[in-house]
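Protein chains in written order, with the working numbering: chain A, 1228 to 1651; chain B, 1228 to 1651.
There may be inaccurate statements among the hints.
A pair counts as met if it fits within one copy or between any two copies, since identical chains are not told apart.
To be verified - Keeping only pairs whose Cα atoms sit at most 27 Å apart, straight-line, the calculated DSS-like set for lysine-lysine is:
hint, residue 1, residue 2
1, K1372, K1350
2, K1529, K1587
3, K1503, K1594
4, K1611, K1503
Derived from the structure by calculation, the hints contain no laboratory data.
2 protein chains.
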Amino acid sequence: MSTYAARTKEELKQELAQVQSHFDELKAKKLSLNMARGKPGKAQLDLVSDILTVLTDPAQCISDGIEARNYGELTGLPAAKRLFAEILGCKPEECFIGGNASLTLMYDTISKAYTHGLLHSEKPWSQLPKVKFLCPCPGYDRHFKITESFGAEMINIPMTATGPDMDLVEELIRDPEVKGMWCVPKYSNPDGIVYSAETVHRIASMKPAAPDFLLMWDNAYCIHEFDGDFVPFEDILTLCREAGNPDMVFEYASTSKITLPGAGVSVMAASVDNQKYMESLLTIQTISYDKVNQLRHVLYLKDKAHTLELMKKHAAIMLPKFKCVLRWLDSQIEPLGIASWQRPKGGYFVSVNTTPGLAKRTLALCKEAGVVMTGAGATFPYGKDPQDSNIRIAPSLPPVEELEQAMDVFCTCLKLAALEQKLA
Amino acid sequence: MSTYAARTKEELKQELAQVQSHFDELKAKKLSLNMARGKPGKAQLDLVSDILTVLTDPAQCISDGIEARNYGELTGLPAAKRLFAEILGCKPEECFIGGNASLTLMYDTISKAYTHGLLHSEKPWSQLPKVKFLCPCPGYDRHFKITESFGAEMINIPMTATGPDMDLVEELIRDPEVKGMWCVPKYSNPDGIVYSAETVHRIASMKPAAPDFLLMWDNAYCIHEFDGDFVPFEDILTLCREAGNPDMVFEYASTSKITLPGAGVSVMAASVDNQKYMESLLTIQTISYDKVNQLRHVLYLKDKAHTLELMKKHAAIMLPKFKCVLRWLDSQIEPLGIASWQRPKGGYFVSVNTTPGLAKRTLALCKEAGVVMTGAGATFPYGKDPQDSNIRIAPSLPPVEELEQAMDVFCTCLKLAALEQKLA
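Required output: the full structure, derived from the provided sequences and hints.
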């Protein structure tokens, strides 16, 4: 099998006929499959559903002397802070335990930067003529939607094999209008890249011109290995503090992909000074988050070691799905030279980069054949992939049998898009 | 017993000696009692703790075909919408089901008015030179803190026996800078006043100059009778729609004082157009709220009739506490002519109005004797009670035995403050 680039027009036409015919067969199956979002599958939900039974007795509801059933304790249960602090490597008093979504805590942070300003802001960002935000990409669409929603000017930062292009970052942060940066340091969404130690240290040591520069450190996949052992990571709060930037970083994590998605617990870790400041704003917004659910999580997850054991069980469900995706890509696409991809060992995605100009068409064809994927361009600010090349595959939701079909569709559509382009 | 006003200086001095001596006795007991917040007591928590056991089987987690354990359904489970719609008298599609706190939904609404504008806003409020907000008072401190936090100029609206002074409201809303109004229409916090039908209709029929006038309708105590049967109320969404103001109102409620406070479910009811608009903003902020907890509430509360039965059981716990408060006030304070108070049949508070100038001093004395109350002034915008007169008693948390002691302290401190003033 030779690459498409090496084939004659006639050979490409023959291939097109074959691929088109297979596409028509697949389309005739009227499939309805979803690889759009990093949504855990039913087996993962069932794996953790014992969490529904760990807290049933009112007598269990006192935690460190606090009645979890009543109002109060804005910053969360101490036991939940200890659990997250152990997992993240920071201190319990640096943890603010939120509701079911770390995304909401991230939104709140950005929103408060705009409405009230951050700890070191001269004024609320809503009163500034311009706010710029650094967006390593491909990245997480929901991050970019937040900064877009507030009107920030988002600047693309290319991702390298070791994380964001730090030479560029260090140059751009000399502009005081550059107010922050999105990061997913471990198993980045969608590339699955783990930032190198050097990158992490360079980030922690940045000297931005903006006194209120906001490092949004979304550690969404901090313990989410699906292939191999847990990979330790350095505590970003410590690194920032040691580099003289104690208040620069806000770190986020949640149990959304550890226990039940959407019924989990989130955490925002930051310096004690940041916590005090945010507490003064968050106390206006809520009396307290759901401490019963926090306690449920403490009882269910127990500690880091026990949580890592649970993650091994998630991994056993996830790994075959990623193997399936890679097997299809390796066997069907690799020989054709029309795309490349990452081979992550954790996280929720496989990031595929096609020959420029193929992503949108590929995904339109997938949709035609009943396979929903993350929209083309979604991994870039404003939904605009300058190369029209990046496609995020999210294999967690479908069972492997369905995934086989979905990947058949995906590979067929990618080939079809490539052939259409060649023959146009 | 004659009023203090009718007594001679000598008589007042004798009374002071007696009251002071009793105060010293109480102080010597080193009490630690809390009547500060509308926090349910332990008996109420125990009453509803079966909610911890209603949802333990994964098989129960499919609701209207939706998997409650996974991500999705930003606006909430249909079953939860039906439950709240029945209670509020609106339509299920007018209900947005949130997380554990209606306060957060209120904050989000105001916050989005400032950052993005409301459906009919010409621009975000943060871009306006001035925003004014009408605050019927005494009112709920957490409402006022939200608008204060965003820098709105709050205007006091006196409460009458039938609700806010509508003559004044109707005059003030002719100013286009007046952007909204806080209301607690049933068992208002703290007065326990139920707005009359006439007041509610006048509110729904307002013709504010601001096209994006925001009626914040916090129906926190919509089914919270503790004395007598459920008092029906008209659906404010219908009334506003019929008056040509379909998008003027956002209504809020929660189960915080129906099931477990802080681990409940909240609702924001508004026109379908408002829902669509808010959904376009809220989807940036979260994927979905905790549907497992929503489902837990649906299974536990079932429907309006069953929920009202539960409220009767809460009432049985609450009524003796309110009777205790009123017994102390009636016997100890009424004959002295130094305060008046409301006699609510629902809600969580007794609102006491002292002779002007006594509230702060009374509460300082209470604190000295180990009884924490809501801070003086808290029931007014900016924490400034122009008369220094209103005191909110929140009798729900302490058991009756403790409440007897706390009311002894309160009455003693109020007398002491009054005598100090008379003799100064």
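### Query
Which of the numbered hints above does this structure break?
2
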